[in-house]
Amino acid sequence: MKVLVPIKRVVDYNVKVRPLNDESGVDLSNVKMSINPFCEIAVEEAVRLKEAGIASEIIAVTIGTQASQEQLRTALALGADRAVLIEVTENVEPLGIAKLLSKLCDQEKPELIILGKQAIDGDNNQTGQMLAALLGCSQATFASELKINDGVATVTREIDGGLQTITVNLPAVVTTDLRLNEPRYASLPNIMKAKKKELSVIDASSLGVDYASRLTTIKVELPPSRAAGVKVESVAELVSKLKNEAKVI
Amino acid sequence: MPLIQREPEHLILLRNSLRQFIEKEVPREKVNDWDRNDHFPQETYAKLCALGVTSLTVPEEYGGSGLDIVSTIAVIEELASRSLGLASGFIYCSCYAGLNILDVASEQQKKDLLPKVAEGKLMFSYGISEPDVGADVASVKTTAVKDGDSLIINGSKRWCSGAKITDYIYTLVRTGPAEERYKNLSLVLIPPTSNGVIIEPQQTLGQKGTGGTCDVTFNDVKVPLNHLVGEEDGWNKGWEKIVRTGLDVEKIEVAALAYGIAKAAVEDAWVYAQDRVQFGKSIATYQSIRHMLADAKAKLEACRLMTYEGASIADQQIADPARMSMIKLFVTETAVEIVLSCQKVLGAYGYSRDFCMERYVRDILAMPILGGSSAIQKNNIANRLNLPK
Ligand SMILES: Cc1cc2nc3c(=O)[nH]c(=O)nc-3n(C[C@H](O)[C@H](O)[C@H](O)COP(=O)(O)OP(=O)(O)OC[C@H]3O[C@@H](n4cnc5c(N)ncnc54)[C@H](O)[C@@H]3O)c2cc1C
Chain X
1 MKVLVPIKRV VDYNVKVRPL NDESGVDLSN VKMSINPFCE IAVEEAVRLK
51 EAGIASEIIA VTIGTQASQE QLRTALALGA DRAVLIEVTE NVEPLGIAKL
101 LSKLCDQEKP ELIILGKQAI DGDNNQTGQM LAALLGCSQA TFASELKIND
151 GVATVTREID GGLQTITVNL PAVVTTDLRL NEPRYASLPN IMKAKKKELS
201 VIDASSLGVD YASRLTTIKV ELPPSRAAGV KVESVAELVS KLKNEAKVI
Chain A
1 MPLIQREPEH LILLRNSLRQ FIEKEVPREK VNDWDRNDHF PQETYAKLCA
51 LGVTSLTVPE EYGGSGLDIV STIAVIEELA SRSLGLASGF IYCSCYAGLN
101 ILDVASEQQK KDLLPKVAEG KLMFSYGISE PDVGADVASV KTTAVKDGDS
151 LIINGSKRWC SGAKITDYIY TLVRTGPAEE RYKNLSLVLI PPTSNGVIIE
201 PQQTLGQKGT GGTCDVTFND VKVPLNHLVG EEDGWNKGWE KIVRTGLDVE
251 KIEVAALAYG IAKAAVEDAW VYAQDRVQFG KSIATYQSIR HMLADAKAKL
301 EACRLMTYEG ASIADQQIAD PARMSMIKLF VTETAVEIVL SCQKVLGAYG
351 YSRDFCMERY VRDILAMPIL GGSSAIQKNN IANRLNLPK
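Chains as they are written, first to last, in our numbering: chain X, 1 to 249; chain A, 1 to 389.
Rather than coming from a laboratory, the hints here were simulated on the basis of the structure. Please note that the accuracy of each hint is not assured.
To be verified - For lysine-lysine, the following PhoX-like pairs were computed, each having C-alpha atoms within a straight-line distance of at most 20 Å:
no., chain 1, residue 1, chain 2, residue 2
1, A, K24, X, K32
2, X, K32, A, K297
3, X, K16, A, K30
4, X, K243, X, K231
So that you can see chain X by itself, here it is in the shape it has in the complex:
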């Protein structure tokens, strides 16, 4: 079984981001970039499927600039077999990403596409669903457990009320939630091996899809800072404040 793992280069989760002075976006100068944590979980799950003898080949793919090669190399060091960079120079929105990925799927014909439920930069939570729709295949989002048997994926999903288990036929798109697994660290020997693995670059414009942006960012600003709280003397006072000041009851 061939597995495709789309990954994204994002600002590291430890970085405290700041808007640019002109509020046109987030200041990315000298900021540490990493694989999106949900994508890392997707890579780990694919590697576990390979270790279990279920997956035969893992292809990591990203849509981004040359700089994203670092994240692809990391995926290779974590256990992906080869990597593809679909090179773009501009920001691409989820629908554009999904279209480009679906073109790659036409070429590669993976039976499982496993990707993060969202990226921690835009928090869109759209790409997986859009990709499944474009491919016309099944989807299982927010996976916290994944089992594959005879062309069927059994997926436990994290939903608001608790857990839901569904089965979907392959090929399918699965998006990962935080509790699916705990990713390993790339070890030095695997980092060295990754140097020799294939990383191919495809020019996005050669795939013949329209991935132009539809959205315009008007302004990026910090959330308003919260005012300090007040201490109340009694339950009665609390209830009265909730009723009359906060107007929530």
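Place chain A with the ligand on chain X using the hints.
What follows is chain A with the ligand alone, placed relative to chain X:
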């Protein structure tokens, strides 16, 4: 001279991996506990070794990933900026054991020992200093005499770092008359568990959780003759072996420790200054604090450049002992200045056990002393550059 380069991709990935590892496995609270209880974190160290980092000083034919001193120094830096204990364990293995065996041991010793280094399963302590021997290394009094196919060792060593946890003490011994100084020194591998070895941890200001800084006494300790470093050929060759890679690269190792600690201090002070509000404003907005932090950043950058310049010189096997001494001198002394100024940024909290800063202060103070004091580095520089006496 090597020009400043972008780090190779494998090193960028290795640093990422190490930072993730440290973030998850080495939280500050744990490190503070190890420091308070003077505990070497054996389990965490084993997990670290599982990442394969100790293979960086072992060539591929001995099971390693190929000699890469720049990456070795980067590992020391990353570890030291969180835990001096882990950084020390890594040095005992990769550097004290790995680099020395590779450079001066016999072929058989390399075959036997280097694969263990690559797996993170071998650590050396340095047994050089003695109660009466500090800077004047060639005056060691501990002796080894041949007895059939054994060596009998008598004497004592002091400041033997890690002796509570290492597998061998890489011991400089006298193997002939004392007057001949440099000419009849040898190096012997002595397991600290041998009969007749007494280990007594010394009480020190800092360096907690690094496996102890120990007084070691040898009373008729017997080891097989093949524990002589370099085997038969190593007899009376101790001095030339020790002044080769060992002590020169050790200077860069200490510089990397100092740089790592200073980097952590600057990061902590940088964040603290923004969070701490006095007179209605964050203290980071006051010029005196801003300048202290800016100075610290600039000095830190100089330390980084010198440290990696040294590592790169070592990687290219260029013998440049004067430069190595300059790096040890400048980086360790500057790192002390950096950490002390960062401590000021934290005010009273820089003196509190609740923050990491006081640990950085205790640990950084040893750096200009160990691995050859600053005065000795200055002597080296002037002498090596032929300044007439
Ligand atoms: C935390 C720690 C860990 C250590 N770990 C180890 C270890 O693992 N193995 C080991 O063998 N040793 C170790 N040492 C010992 C260290 O290498 C020695 O402390 C160092 O070599 C200096 O020796 P000394 O302290 O006896 O000082 P001394 O040599 O007595 O010097 C005292 C002072 O005189 C100065 N001085 C001495 N000679 C000269 C001279 N010719 N010209 C100008 N000034 C001079 C020195 O700079 C110093 O300021 C460690 C030390 C410390 C603090």
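Broken hints, by number: 3
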